[in-house]
Amino acid sequence: MTEDLTLRLKTLIITTLKLEDVGPADIPADEPLIGSARFGLDSLDALELVLAIEKEFGVKIGTSEESRQAMTSVSTLATYLRSRLIAA
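Going by the working numbering, the first residue of the sequence shown is number 3, and it counts up by one from there.
Bear in mind the hints are in silico, worked out from the structure with no lab data behind them.
Keep in mind the model is a prediction, meaning the values are calculated, not measured.
Treat each hint with caution, since some may be false.
To be verified - Only pairs whose alpha carbons sit at most 25 Å apart, straight line, appear in this in silico DMTMM-like list of lysine to aspartate or glutamate:
id, residue 1, residue 2
1, LYS62, ASP32
2, LYS62, GLU50
3, LYS57, GLU68
4, LYS62, ASP23
5, LYS57, ASP6
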């Protein structure tokens with residue numbers, strides 16, 4: 003399940019943010035999502051991604067601090083989603 007969720011998140015990131023010439027294997031699970039020199043995601047990208055995640059998974063990401071912590075990397079985002087999905 004962990005790998006499936008990670009792959010699903012990477013694919014959602016690529017699709018939502020329209021990252022050209024980037025595949026799921028190109029996104030390391032532990033690389034920072036926001037502020038990464040490789041991807042250059044900014045706060046608007048983060049907001050767009052949060053909305054896509056909420057829609058895709060039916061999970062509400064609360065405060066901006068909560069979203070910032072959850073979106074540290076793909077790994078932390080997957081951990082956050084698993085905990086929210088289990089609790090639901």
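Outcome of the hint check:
1. LYS62 - ASP32: Roughly 23 Å between the alpha carbons, so the hint for LYS62 and ASP32 holds.
2. LYS62 - GLU50: holds (14 Å)
3. LYS57 - GLU68: Holds: LYS57 and GLU68 sit about 17 Å apart, inside 25 Å.
4. LYS62 - ASP23: Violated. LYS62 to ASP23 sits at ~30 Å, over the 25 Å cutoff.
5. LYS57 - ASP6: It holds: about 18 Å lies between the C-alpha atoms, which stays within 25 Å.
Checked against the numbered hints above, the structure breaks only hint 4 and satisfies the rest.
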